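Respectively, the protein sequence lines represent chains A and B. Mapping of the first sequence onto my numbering: residues 1 to 114, in sequence order. Mapping of the second sequence onto my numbering: residues 1 to 113, in sequence order.
Any given hint could be a false lead.
[As the list claims (entries may be wrong)] Coverage of chain B stretches by chain A, computed from C-beta distances (three or more under 8 angstroms per stretch; other residues unrestricted):
(1) 45-59
(2) 105-112
[Stated by the list, open to error] Simulated restraints on C-beta separations:
(3) B/V60 <-> A/D8: 22 to 30 angstroms
(4) B/R77 <-> A/T55: 36 to 44 angstroms
(5) B/V113 <-> A/Q42: 20 to 28 angstroms
(6) A/A17 <-> B/M41: 27 to 35 angstroms
(7) A/R69 <-> B/I15: 45 to 53 angstroms
(8) B/P8 <-> A/S72: 34 to 42 angstroms
(9) B/N30 <-> A/G16: 41 to 49 angstroms
(10) B/F10 <-> A/Q109: 17 to 25 angstroms
(11) A/G41 <-> B/R77: 18 to 26 angstroms
(12) B/G40 <-> A/L46: 20 to 28 angstroms
(13) B/M19 <-> A/K61: 35 to 43 angstroms
[Said to hold, decoys possible] The calculated SDA-like cross-link candidates involving lysine to any residue, where the alpha carbons are at most 25 angstroms apart (straight line), are:
(14) B/K14 <-> B/T111
(15) A/K49 <-> B/G3
(16) B/K57 <-> A/A1
It is worth saying that the hints were derived from the structure and are not from the lab. It should be emphasised that the depicted structure is a prediction, and the values quoted were computed from it without experimental measurement. Where is the CB? At the ideal position from N, CA and C, for every residue including glycine.
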Amino acid sequence: AQSVTQPDIHITVSEGASLELRCNYSYGATPYLFWYVQSPGQGLQLLLKYFSGDTLVQGIKGFEAEFKRSQSSFNLRKPSVHWSDAAEYFCAVAGTGGGNKLTFGTGTQLKVEL
Amino acid sequence: NAGVTQTPKFHILKIGQSMTLQCTQDMNHNYMYWYRQDPGMGLKLIYYSVGAGITDKGEVPNGYNVSRSTTEDFPLRLELAAPSQTSVYFCASTWDSSGNTIYFGEGSWLTVV
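Using the sequences and the hints, build the whole thing.
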């Protein structure tokens with residue numbers, strides 16, 4: 001069965017600092033990988049996704065993520081964080097068949113200090 | 001562009017009552033999903049559907065039922081509500097199983113008292 005681990009429950013960074021959110025997945029084949037962001041009281045918005053090809057994926061709002069098969073990781077990065085980036089971030093994995101069901105990590109809450 | 005629309009947004013239900021959370025999408029998506037989100041637990045899949053007339057259980061289906069009579073609608077029925085069903089419920093949809101972007105509704109906050 002597929003699974004996702006986000007080891008950091010909370011992260012606090014200063015505005016303008018760089019950010020890296022960790023995500024490790026477990027899946028028997030090459031997975032589809034996603035990062036979603038959720039602002040308080042809102043639904044989930046897709047930041048970026050990886051299917052195949054270039055392992056460095058660019059997303060919206062200046063985010064990027066790198067797929068590393070050898071480490072089963074898909075970490076999210078941003079070079080300079082803005083106060084508006086404060087939100088909860090979810091990594092998710094989908095199998096390549098069987099309903100395209102997403103399995104989510106438990107999320108990382110990002111706080112940005114001004 | 002409405003996308004995925006859920007109603008109601010907030011609801012308080014008494015123990016033992018039943019209710020239906022409505023979900024509709026206007027993107028002609030084949031696949032639809034219901035997730036629940038509990039604090040610190042991420043999202044868990046309740047039920048999903050790959051097309052009208054076809055539904056299947058997810059990770060946490062107990063206490064819920066679904067139907068998919070049309071492509072657009074995917075209601076979630078709670079029977080005999082229990083406090084453990086207090087949660088935020090998200091409906092989502094996508095085209096197919098090729099890893100296309102899954103679009104989420106804004107959520108339904110349900111409290112069972």
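Consistency of the hints with the structure:
Here's how the segment 45-59 of chain B fares: 5 of its residues keep a CB closer than 8 angstroms to some CB of chain A, so the rule of at least three is met and the hint holds. Residues of the segment 105-112 of chain B lying with their CB closer than 8 angstroms to a CB of chain A number 3, which satisfies the three-residue condition for coverage. Hint check: B/V60 to A/D8, Cβ distance near 25 angstroms, so the stated range 22 to 30 angstroms holds. Distance hint for B/R77 and A/T55: a CB-CB separation of about 43 angstroms, consistent with the stated range 36 to 44 angstroms.
Checked against the given bound of 20 to 28 angstroms, the beta carbons of B/V113 and A/Q42, roughly 25 angstroms apart, stay inside it. For the hinted restraint 27 to 35 angstroms between A/A17 and B/M41, the CB-CB distance of approximately 29 angstroms keeps it satisfied. Remark: the range hint 45 to 53 angstroms for A/R69 to B/I15 is upheld by a beta-carbon distance near 48 angstroms. Separated by about 40 angstroms at the C-beta atoms, B/P8 and A/S72 satisfy the suggested range of 34 to 42 angstroms.
The hinted window of 41 to 49 angstroms between B/N30 and A/G16 holds, with their beta carbons roughly 43 angstroms apart. Separation of B/F10 from A/Q109 is about 22 angstroms and conforms to the stated range, judged on CB atoms against 17 to 25 angstroms. Between A/G41 and B/R77 the Cβ separation comes to about 25 angstroms, which falls inside the hinted range of 18 to 26 angstroms. B/G40 and A/L46 have their C-beta atoms about 22 angstroms apart, which keeps the hinted 20 to 28 angstroms range intact.
For the hinted restraint 35 to 43 angstroms between B/M19 and A/K61, the CB-CB distance of approximately 36 angstroms keeps it satisfied. At most 25 angstroms may separate the alpha-carbon atoms for a hinted pair to count; B/K14 and B/T111 meet this at roughly 8 angstroms. Distance restraint check for A/K49 and B/G3: the Cα-Cα separation of roughly 20 angstroms lies within the 25 angstroms cut-off, and the hinted pair is therefore satisfied. For the proposed pair B/K57 and A/A1, the alpha carbon gap of about 15 angstroms is at most 25 angstroms, so the pair holds.
Hint compliance for this structure: every hint is met.
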